[in-house]
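Whole structure, please, built from the sequences with the hints as guidance.
For the protein sequence lines, the chains are A and B, in the order given. Sequential numbering of the first sequence, starting at 10, is according to our numbering. Sequential numbering of the second sequence, starting at 10, is according to our numbering.
Don't take every hint at face value.
[What the hints assert, rightly or not] Among chain A residues calculated to face chain B with C-beta under 10 Å, some are:
{"no.": "1", "residue": "Gly36"}
{"no.": "2", "residue": "Ala37"}
{"no.": "3", "residue": "Thr43"}
{"no.": "4", "residue": "Ser45"}
{"no.": "5", "residue": "Val46"}
{"no.": "6", "residue": "Thr47"}
{"no.": "7", "residue": "Arg84"}
{"no.": "8", "residue": "Thr87"}
{"no.": "9", "residue": "Thr88"}
[Said to hold, decoys possible] Footprint (simulated), chain B over chain A, 3 or more residues, beta carbon under 8 Å:
{"no.": "10", "region": "49 to 63"}
{"no.": "11", "region": "152 to 163"}
None of these hints come from the bench; they were simulated from the model. Even for Gly, the Cβ is constructed at its ideal location relative to N, Cα and C.
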Amino acid sequence: MKKTLGIISLLALGLLLTAPRAQAQTGAPTGTTTVSVTIGPQAGLTVTNSSTPLAASGSNFNLFTGTTGLTYFVRTTTTGGGGSITLKVTSDFSPTGGPSVASPLAPGDALTYTCTVASPGTACTGTQTASTSSQTNLASFGTNVHTGTGGSTASVGWSLANDPNYKTGTYNSTVTFTISAS
Amino acid sequence: MRKWQMICRLKLCSALFTVGLVFLVLPISSFAQNTVSQTLNVTVVPLGGLFMQSAPLALTKTGTFNGFTGTITLSYRARTRQGSGHGTITVKATSDFTPTGGPSIASPPSTADKFTYTCSGATLGVACSGIQTVSTTTSTTVVSLGASACTGGGAPCSTANPNSANITFILPDDPKYKTGSYSATLTWTISAS
Numbered sequence: 010m011k012k013t014l015g016i017i018s019l020l021a022l023g024l025l026l027t028a029p030r031a032q033a034q035t036g037a038p039t040g041t042t043t044v045s046v047t048i049g050p051q052a053g054l055t056v057t058n059s060s061t062p063l064a065a066s067g068s069n070f071n072l073f074t075g076t077t078g079l080t081y082f083v084r085t086t087t088t089g090g091g092g093s094i095t096l097k098v099t100s101d102f103s104p105t106g107g108p109s110v111a112s113p114l115a116p117g118d119a120l121t122y123t124c125t126v127a128s129p130g131t132a133c134t135g136t137q138t139a140s141t142s143s144q145t146n147l148a149s150f151g152t153n154v155h156t157g158t159g160g161s162t163a164s165v166g167w168s169l170a171n172d173p174n175y176k177t178g179t180y181n182s183t184v185t186f187t188i189s190a191s
Numbered sequence: 010m011r012k013w014q015m016i017c018r019l020k021l022c023s024a025l026f027t028v029g030l031v032f033l034v035l036p037i038s039s040f041a042q043n044t045v046s047q048t049l050n051v052t053v054v055p056l057g058g059l060f061m062q063s064a065p066l067a068l069t070k071t072g073t074f075n076g077f078t079g080t081i082t083l084s085y086r087a088r089t090r091q092g093s094g095h096g097t098i099t100v101k102a103t104s105d106f107t108p109t110g111g112p113s114i115a116s117p118p119s120t121a122d123k124f125t126y127t128c129s130g131a132t133l134g135v136a137c138s139g140i141q142t143v144s145t146t147t148s149t150t151v152v153s154l155g156a157s158a159c160t161g162g163g164a165p166c167s168t169a170n171p172n173s174a175n176i177t178f179i180l181p182d183d184p185k186y187k188t189g190s191y192s193a194t195l196t197w198t199i200s201a202s
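Pasting the structure below:
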């Protein structure tokens, strides 16, 4: 009787051991996958006009003015996040003899700008002076903000003195915009 | 009966059994003219099985707001009926992304925020073509199996065993998503007939 019970126990154990193996060989009719994604703060921008001509109206040395448009995308962290758009003149006006950001001919010859920024950004206030050595503010973002799928707009209204001391000619400068988010 | 018990007690039982077995075997080998036929029946049915990887599929970024992507290799075995048989491997989101505030399969913040996938490299059957959209309500096809499809062993079955297919998931990165980690559950189903 004991022997019989032992044999039955061994058979049962064998079945238990072989069942998972059979399952593993044939697979299962269904299976699941957990898909995970971590979404962090992010920011990006595009400059909508490839170049910004500065033009002066009239003939009485009125200021040169022009506008650069931007589309920006941003998402800041839900707690403690923030961000900004800044700009910097990475290449001063050239050739020499005309306007200059780093070394203007007169104190009033600075390249200045004003900001227009659509929500969720906050535009810079007043008139800012562009620099070749430091980033200057264009927009700032608070915590837990985001643009829509199509982004938001911003623009920079440039102003440059029309100094009679500038030699005639065409002068080019490069401005680099930087957006960041945390 | 008592005699047999006595014989067994004298350890003659196994010896007698061996002798008996020899007598039983000898006639069979000595008289090969005897033919006994036995019909063996086996019913081979259509079958499909999936082998899932246990690790979660992490979707990662490819650029600024370019979207998140991730590829999973699906392993499967299948056998379909000759003639009218067919089979499919489908996928369905049985649990939407959680927590809320991020991507959603059932209610994406924007119409362009669909959770999609493409299929490639099926070693048995035909991988889905184009861009498919994952749904929480309906199962969508990943691999289609035709008649007489079978895994392994070479022609007319596949060489690969198990078979595999690559599924690449794409999730747009909408700025509207709040920062955080989100997860969803996909359920795969294989059927064969």
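Results for each hint:
Interface hint at Gly36/A: satisfied, since its Cβ lies 2 Å from the closest Cβ of chain B, which is below the 10 Å cut-off. For Ala37/A, the interface hint holds, the least distance from its beta-carbon to any beta-carbon of chain B being 6 Å, beneath 10 Å. For Thr43/A, the shortest C-beta to C-beta distance to chain B is roughly 4 Å, which falls under 10 Å, so the interface hint holds. The beta carbon of Ser45/A is positioned within 10 Å of a beta carbon in chain B (closest approach about 4 Å), and the interface hint is therefore held.
Because the beta carbon of Val46/A sits about 4 Å from the nearest beta carbon in chain B, less than 10 Å, this interface hint is met. Taking 10 Å as the C-beta cut-off, the interface hint given for Thr47/A holds, the closest approach to chain B being about 5 Å. The interface hint given for Arg84/A is met, as the beta carbon of that residue sits about 5 Å from the closest beta carbon of chain B, less than 10 Å. For Thr87/A, the interface hint holds, the least distance from its beta-carbon to any beta-carbon of chain B being 5 Å, beneath 10 Å.
Of the supplied interface hints, the one on Thr88/A holds, with its beta-carbon coming within about 9 Å of a beta-carbon of chain B, less than 10 Å. Counting residues of the region 49 to 63 of chain A whose beta carbon lies closer than 8 Å to any beta carbon of chain B gives 5, which meets the minimum of three for the stated coverage. Counting residues of the region 152 to 163 of chain A whose CB falls under 8 Å from any CB of chain B gives 6; the rule of at least 3 is met.
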